[in-house]
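In case you want the letters, here they are:
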Amino acid sequence: MSEERKKSSALRISLIAITTAIVAVFTIAIRVPTPVGGYVSLCDVAVVFVSATFGPVTGFIAGGVGTAIADLAGGFGQWAPVSFVVHGLEALLIALIVRSKPDSLVYKLLAAAVAILTVAGGYFLLTGAFLIGFAAALPEVPANVVQSACGVIVGLPLSIAVRKAYRRIDELKW
Amino acid sequence: MRSGTYIYKDSFYHRFDDRAKLIFTLLFSIALIASPSFYPALSMMLLSILLSLFSVGFKESLLNFKRILLLVIFIIIFSPFQKRDAESIISIGSFMLISRDSLFSSVMILFKFVGISFIFSLLLETERIEDIVRALRYFHISYSASLTISMTLSLIPALSYRYSEIREAIELRKGKTELSTLFPSLVSLIVSAVKLIPENASLLEERGFTGEERPSYRSYGMNGFIFTQMLLSVIIPLAFFLWR
Chain A
621 MSEERKKSSA
631 LRISLIAITT
641 AIVAVFTIAI
651 RVPTPVGGYV
661 SLCDVAVVFV
671 SATFGPVTGF
681 IAGGVGTAIA
691 DLAGGFGQWA
701 PVSFVVHGLE
711 ALLIALIVRS
721 KPDSLVYKLL
731 AAAVAILTVA
741 GGYFLLTGAF
751 LIGFAAALPE
761 VPANVVQSAC
771 GVIVGLPLSI
781 AVRKAYRRID
791 ELKW
Chain B
3 MRSGTYIYKD
13 SFYHRFDDRA
23 KLIFTLLFSI
33 ALIASPSFYP
43 ALSMMLLSIL
53 LSLFSVGFKE
63 SLLNFKRILL
73 LVIFIIIFSP
83 FQKRDAESII
93 SIGSFMLISR
103 DSLFSSVMIL
113 FKFVGISFIF
123 SLLLETERIE
133 DIVRALRYFH
143 ISYSASLTIS
153 MTLSLIPALS
163 YRYSEIREAI
173 ELRKGKTELS
183 TLFPSLVSLI
193 VSAVKLIPEN
203 ASLLEERGFT
213 GEERPSYRSY
223 GMNGFIFTQM
233 LLSVIIPLAF
243 FLWR
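So the protein lines, in turn, are chains A and B.
The first sequence finishes on residue 794 if you use my numbering, and the numbering steps up by one all the way, no holes.
The second sequence finishes on residue 246 if you use my numbering, and the numbering steps up by one all the way, no holes.
Looking at chain A on its own, in the form it has when it is part of the complex (with noise of 0.2 Å):
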């Protein structure tokens, strides 16, 4: 693949749709059961994949507005600004902290760290403060952890399954 196709707007387009429906299939579609009979959406799992995969800007642009778009198609229209901004930011944070020391088990248990702190809190703060109230959203916070702890433990290893089942793939990065 030649460098001016690497960074062609149409790969760049094809990327970010992609990765961005990979996002929301993953929040919307697939929800795993839990043992007292609710279900956990994979959204962090992907995000986690998606920024450690391709980098900072895909991972913002793809976490941040595919799980928007999930809370818009799944009725929760109100959520999708805070999602967006959440995980997004989830995304942005955990791509810059893998990239820089990609094998190192410790800047993987500060990503983990980081995307844990920056879900459950950034729910609490933004949803508290424009949508339910912090007492509401006190209980959410237990939720919030264990999910966005998932995310990682499943994302990062899911990263680097894929990369070795098509290992073109770095070439898509820009």
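By construction, these hints were calculated from the structure, which means they are not laboratory data.
Keep in mind that a hint or two might mislead.
Said to hold, decoys possible - Taking lysine-lysine and the DSS-like style, the derived pairs with C-alpha atoms no more than 27 Å apart in a straight line are:
{"id": "1", "chain 1": "A", "residue 1": "Lys728", "chain 2": "A", "residue 2": "Lys784"}
{"id": "2", "chain 1": "A", "residue 1": "Lys721", "chain 2": "A", "residue 2": "Lys784"}
{"id": "3", "chain 1": "A", "residue 1": "Lys728", "chain 2": "A", "residue 2": "Lys793"}
{"id": "4", "chain 1": "A", "residue 1": "Lys721", "chain 2": "A", "residue 2": "Lys793"}
{"id": "5", "chain 1": "B", "residue 1": "Lys176", "chain 2": "A", "residue 2": "Lys784"}
{"id": "6", "chain 1": "B", "residue 1": "Lys68", "chain 2": "B", "residue 2": "Lys11"}
{"id": "7", "chain 1": "B", "residue 1": "Lys176", "chain 2": "B", "residue 2": "Lys197"}
{"id": "8", "chain 1": "B", "residue 1": "Lys197", "chain 2": "A", "residue 2": "Lys784"}
{"id": "9", "chain 1": "A", "residue 1": "Lys793", "chain 2": "B", "residue 2": "Lys197"}
Since this is a predicted model, take the numbers as computed values, not measurements.
Dock chain B against the given chain A, drawing on the hints supplied.
For chain B alone, coordinates are given in the frame of chain A:
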């Protein structure tokens, strides 16, 4: 999966111009968030519910409410205990349980949350996604951004279907679906999706896409009422905003 939320009806709000509706949704939400007083917030919440009832009917409005019910319960249960520095309404001995201030702020949060939820749901239930994208194009969202959004929206059902095919194939091979088969399913889905990236890029280039701006082939016709509708979209939220 519920990929489309549009409900086919011929209500007043369905016929309302998509550009005006976008402006109305945005300004209405801002006015509701900024509202400091009881009656304006209550009126805005009631207006959003009434609009929903008249536009999509009782059944869909009830469904919208059911989606937010859990958080409404959280607000009712947890919010009244936040502030304990004003006049007491309920107290146990000398311990103030609920104050007038905390009850007021809980009710305000409830009005705002329900109102914003209904007005956002209503936008998506009365406009098709392609019409929302067209309205965004009207407000000078770039061609590349609109194209990316359109491509994403068309890819979501396709990838969901592909995931269900992968799960079915694994189920047939293993005999049952287990949590342990989830990871290979996700890898397969992502690999098949990522392989589409260069294919789609080639298709875009073959169609002459260069990344430059181009006019939309879907344009707005002449609509005599657009000025009135835009005016209403601004005046109604502004009136609520100024009512303090």
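Hint check results:
no., hint, result
1, A:Lys728 to A:Lys784, "holds (19 Å)"
2, A:Lys721 to A:Lys784, "holds (19 Å)"
3, A:Lys728 to A:Lys793, "holds (20 Å)"
4, A:Lys721 to A:Lys793, "holds (17 Å)"
5, B:Lys176 to A:Lys784, "holds (23 Å)"
6, B:Lys68 to B:Lys11, "holds (21 Å)"
7, B:Lys176 to B:Lys197, "holds (26 Å)"
8, B:Lys197 to A:Lys784, "holds (14 Å)"
9, A:Lys793 to B:Lys197, "holds (13 Å)"
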